[in-house]
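Trainee: Please build the complex by placing chain U on the supplied structure of chain Y, with the hints as guidance.
From first to last, the protein sequence lines are chains Y and U. For what it's worth, my numbering labels the leading residue of the first sequence as 1, then goes sequentially. For what it's worth, my numbering labels the leading residue of the second sequence as 1, then goes sequentially.
Some hints could be false.
Given that identical chains are not distinguished, each listed pair holds provided it fits within a single copy or across any two copies.
Listed next, the in silico EDC-like pairs over lysine to aspartate or glutamate satisfying Cα-Cα at most 20 Å (straight line) [to be verified]:
hint : residue 1 : residue 2
1    : LYS331    : GLU384
2    : LYS331    : ASP371
3    : LYS360    : ASP25
4    : LYS370    : GLU492
5    : LYS370    : GLU384
6    : LYS214    : ASP238
7    : LYS367    : GLU484
8    : LYS424    : ASP247
9    : LYS455    : ASP143
10   : LYS424    : GLU53
11   : LYS424    : ASP371
12   : LYS507    : GLU290
13   : LYS360    : GLU23
14   : LYS370    : ASP489
15   : LYS341    : ASP371
16   : LYS207    : ASP320
17   : LYS445    : GLU40
18   : LYS188    : GLU40
19   : LYS445    : ASP174
20   : LYS360    : GLU492
21   : LYS324    : GLU446
22   : LYS367    : ASP338
23   : LYS370    : ASP338
24   : LYS424    : GLU384
25   : LYS47     : GLU446
26   : LYS289    : ASP217
27   : LYS396    : GLU492
28   : LYS149    : ASP442
Derived from the structure by calculation, the hints contain no laboratory data. None of these values were measured; they are calculated from a predicted model.
2 protein chains.
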Amino acid sequence: MARQAQVLFDFTAEAEGELTVNEGDILTIVAQGSGTGWIEVENAENKRGIVPENYVQVFNEESLPPPDDAPTWTEQATYDPGTWPNQQQADSDSWEDSDGEGAKAGSQRGAPQGSPRQGRANAASTLLGLNRLALPLGKLNLDNYLLGKCTVTRTDKIPLVMGESGPVWETSSDNLVCVISSPKKSTKLHGMKSFIEYQITPNDTLKPVSRRYKHFDWLLERLISKFSAMILIPSLPDKQVAGRFEDDFVALRMERLQAWMSRICLHPILSSSSVFKHFLHAATEKEWKEGKRRAEKDDAVGGAIFSKLEMFNAVEFHSDEMEKRVDHFGKFFRSADDSVKQLLAVGNVHYRRCTTELPKDYRGLGKALKDVSQSFSMSNHHAEGSLTNALSFAGKTYTDIGDLVASQSKMDLRLFLDSSCEYKSLLSGFPEILSIQKAGLDKIKECDRLIQMNKMAPGEKDGVVQRVNVMSLGLQAEVNNFHESRIRDYKESVRQLLYNQIQLHQKIAEMMREAYMRFEFES
Amino acid sequence: MARQAQVLFDFTAEAEGELTVNEGDILTIVAQGSGTGWIEVENAENKRGIVPENYVQVFNEESLPPPDDAPTWTEQATYDPGTWPNQQQADSDSWEDSDGEGAKAGSQRGAPQGSPRQGRANAASTLLGLNRLALPLGKLNLDNYLLGKCTVTRTDKIPLVMGESGPVWETSSDNLVCVISSPKKSTKLHGMKSFIEYQITPNDTLKPVSRRYKHFDWLLERLISKFSAMILIPSLPDKQVAGRFEDDFVALRMERLQAWMSRICLHPILSSSSVFKHFLHAATEKEWKEGKRRAEKDDAVGGAIFSKLEMFNAVEFHSDEMEKRVDHFGKFFRSADDSVKQLLAVGNVHYRRCTTELPKDYRGLGKALKDVSQSFSMSNHHAEGSLTNALSFAGKTYTDIGDLVASQSKMDLRLFLDSSCEYKSLLSGFPEILSIQKAGLDKIKECDRLIQMNKMAPGEKDGVVQRVNVMSLGLQAEVNNFHESRIRDYKESVRQLLYNQIQLHQKIAEMMREAYMRFEFES
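Chain Y with its partners taken away, still in its complex shape (with noise of 0.2 Å):
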């Protein structure tokens, strides 16, 4: 059967060979233009065109749990480290200027308004990876840190303790806060260049300094190829170019950049690196270029990271337990990712129905109950009068209730499923974390190979095991802080919705008892 996909988001056609879908359709995949941003697809009416990939959701092997003698994902989720190192070079040629929100100042596309994921897919910034949160193995010189080779600075160390549930990461008592304000049209280049500049105030020096998006995702590069070996790196919000200087969109966005920022601060490694302090103080021209400068000369990247752990009292895993544990990792995150994505496919479907069929049934019935109360009243009977008049309330009652119902669910519904759509993301990065592990416990076998074969003295291992063991402390950790961000944001996103939607069943059942009052009179 060809695969299907479901339609996320309204897309409509603006040129040649795209498809206009509308949000819940089913389309049958035709080719998946890997890397592109794009992905052509066929409708119900045999239409075929591309549309973003971004704005569908693939139904797919690799969404459901694969049976038992199918290779799992963490097997599938492997990149060709051949496309990076192009990547890259496109990336640093072109970097200054061509940040996506440049190149087509001028040309003010219609956007969809008001979707969870405002905005056109980019093919740009994804051929440019910028999608991509983790490095692939074959960038990452694991060997080279297994092999004892990194050279380790006692100045950046990443300190671990434990905690209840295993090895956590040392929190520091900073409590960093950052604020996201005041967004800016700017241009340059006499104006041929137009752009949005933020604001953000951390609350360790209460200094704003000025940020485009080309900076946070220069932000979002230098933490991926640092950390992404161990770390799950959040994702920005999508890149957009059409509307994008829309007060809506810059609102929007504004608030999804907020998100991110306050994920990174909560984040004990993310928030004291030095990459992040330097974006977050860096205030002149000068200071920043030379802070780039020193970011970009990092060489504690990749699978060196691993090398900056330090714990005390190191518990010392069998490599049979290590293993087992990636296993039970991965098993925990399938589960979740399929969960979550559940729920993202149903309540994206409910958004749907909040903000658009049932606002119109409710205006459809309050224009009807209008025009009902209209024709009545032609009736010139003396009882008339009081009918029509409740009658007509009744109907502009309905009416606002649309209103309402669309308008808070567009921001309560939304609100919620932005959160899960945040994990959703972070699920995705789990299983490159978990083939670097696994990497890892390879190289042990591979260990007693060389030593079987008499190839390398059996003291040479120890160190081996000694590494992936400190490879498997950082993935506790990692793990155990997503497990209590996880546990943090989940009670926070439904709580929120349950007590935005106790209101709003409220505030329906008021407008309504009002309605009803209308319709105490003599009849």
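Mentor: Showing chain U alone in chain Y's frame:
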């Protein structure tokens, strides 16, 4: 453009040539089988077949206000009198047992559950003319009345009085109320025929009588032949071949028969008619047969009913004024008919949304939250328990809300829509009644022509004018009665809807509040 129709209720094809359709589907009409109760349609996949006529809402020229130069619906709405005698023939030939309830007693075909018009169209009953609520003009013998050839008996007069908005029916002080209860399945012919018997208890005798659907049918037919020239006769709930012994159906049928009886009881003329009294009081087989024969011999039927009208100090209207009044009524009823149909159309869509799609969303969210809870519980993290318990409770709450919304809407919205359905049916009787008035007014013009041609003495016209005036008084009284019922019923049905919806939204808020409390844990 081909005429189209929207499907009001799911219909599953059960026989050769039938087409399965779903609520909300848009169909193209291929052929309207006049009088068969079925309609041939083509669906979006170009499949053709027949569906019951009363399962679809036809969008055509008639349901829109006619353009200025188009014939009005009062002109369109003329029956072909030629078909009526045959139908009556079929009726009296097959009366005693082919009431459509015994025909297929053994076969229990699945019927749609809980739809506003539960029941399958019965082609046979439509052929018997039982769905027609008025005698055609040709069967009225109106000329007999207009030319003063009816014998008026003082004993059976219909009194009119002046009300605030013109002539009204004199109301009796009886306040007749009937209660239908205790539906019981009975059989006859050694179990070959099965039917449901209901107990009807009127408040004037307090003695219950046993009646079957076919007795209601007979009463309806008598009321039509006697009163339909002047009075709107409410239609009985639809017949049903399949599933008519199922408890749900019997309960719904009884509820609708009760609504029908109540409407007759509230009409001053119908409730005090001897045929209705006979229906309520005949206790034995003998009494029933005698009263039935008497009622069927009544010759004060059709146009003769106007000769029974009696009003002291009756106002005399000029024929121009009567014509204007008929035109105004026509305008009112066309407008009311359009707006009530529109209300029903949007109401039916909303009914489907609230009984099918919205509950599915809530249950889907409920299941997704439970699944998320279950997958999260695999983490073994020490702080997981509180979250997964709360999520699981929220999941159960959403599932319960889905069930609540479905069952409440099935009740509340159905009651509301049923009431508008009754009015749609009543309004459909007005074109008949107005065309009878027009026939009276035309008679006056005919008199003028005959006088001009010296074929009539001017004095003869006076009697015709006076009798048309009496018709006009009857029309006004019936219109006023309709307005009063309508004001009372719409007040009550919208009031009740709002009341029930307030309860629903309060209950949802309450259930969500309980779930919300589960999220008040320390994380």
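Trainee: Reference check for the pair LYS424 and GLU53, CA-CA at most 20 Å: within, between, both, or neither?
Mentor: Result: close within a single copy only, 15 Å intra versus 49 Å inter.
Trainee: Using 20 Å as the alpha-carbon threshold, which applies to LYS207 and ASP320: within, between, both, or neither?
Mentor: neither (50 Å within a copy, 87 Å between copies)
Trainee: Please work out whether the CA atoms of LYS214 and ASP238 approach to 20 Å or closer within one copy, between two copies, in both situations, or in neither?
Mentor: within (12 Å within a copy, 68 Å between copies)
Trainee: Have a look at LYS507 and GLU290 and pick one of within, between, both or neither, based on CA distance no larger than 20 Å.
Mentor: Neither: 55 Å inside a copy, 61 Å across copies.
Trainee: How do LYS324 and GLU446 come out at 20 Å by Cα distance, when the copy is not named: within, between, both, or neither?
Mentor: Close inside one copy (18 Å), not across copies (103 Å); limit 20 Å.
Trainee: When no copy is specified for LYS47 and GLU446, does a C-alpha distance of 20 Å or less occur within a copy, between copies, both, or neither?
Mentor: neither (52 Å within a copy, 65 Å between copies)
Trainee: First find the shortest C-alpha distance between LYS360 and GLU23 inside one copy, then the shortest across copies, and answer within, between, both or neither for a cut-off of 20 Å.
Mentor: This pair counts as both: shortest intra-copy Cα distance 16 Å, inter-copy 17 Å.
Trainee: Since the copies are identical, ignore which copy is meant and state whether LYS370 and ASP489 lie within 20 Å (CA to CA) inside a copy, between copies, both or neither.
Mentor: Between. Shortest inter-copy distance 17 Å satisfies the 20 Å Cα cut-off; intra-copy 44 Å does not.
Trainee: Check LYS331 against ASP371 for me: Cα-Cα at most 20 Å, and say if that holds within a copy, between copies, both or neither.
Mentor: between (58 Å within a copy, 14 Å between copies)
Trainee: Could you figure out if LYS331 and GLU384 sit no more than 20 Å apart (CA to CA) within one copy, between two copies, both or neither?
Mentor: Intra 68 Å, inter 17 Å, cutoff 20 Å: inter-copy only.
Trainee: First find the shortest C-alpha distance between LYS455 and ASP143 inside one copy, then the shortest across copies, and answer within, between, both or neither for a cut-off of 20 Å.
Mentor: Only inside one copy: LYS455 and ASP143 sit 17 Å apart there, 121 Å across copies, limit 20 Å.
Trainee: Are the CA atoms of LYS424 and GLU384 at most 20 Å apart within a copy, between copies, both, or neither?
Mentor: Between copies, since 19 Å is at most 20 Å while 57 Å is not.
Violated hints, listed in ascending order, are 7, 8, 12, 16, 17, 18, 19, 20 and 25; each of the other numbered hints is respected by the structure.
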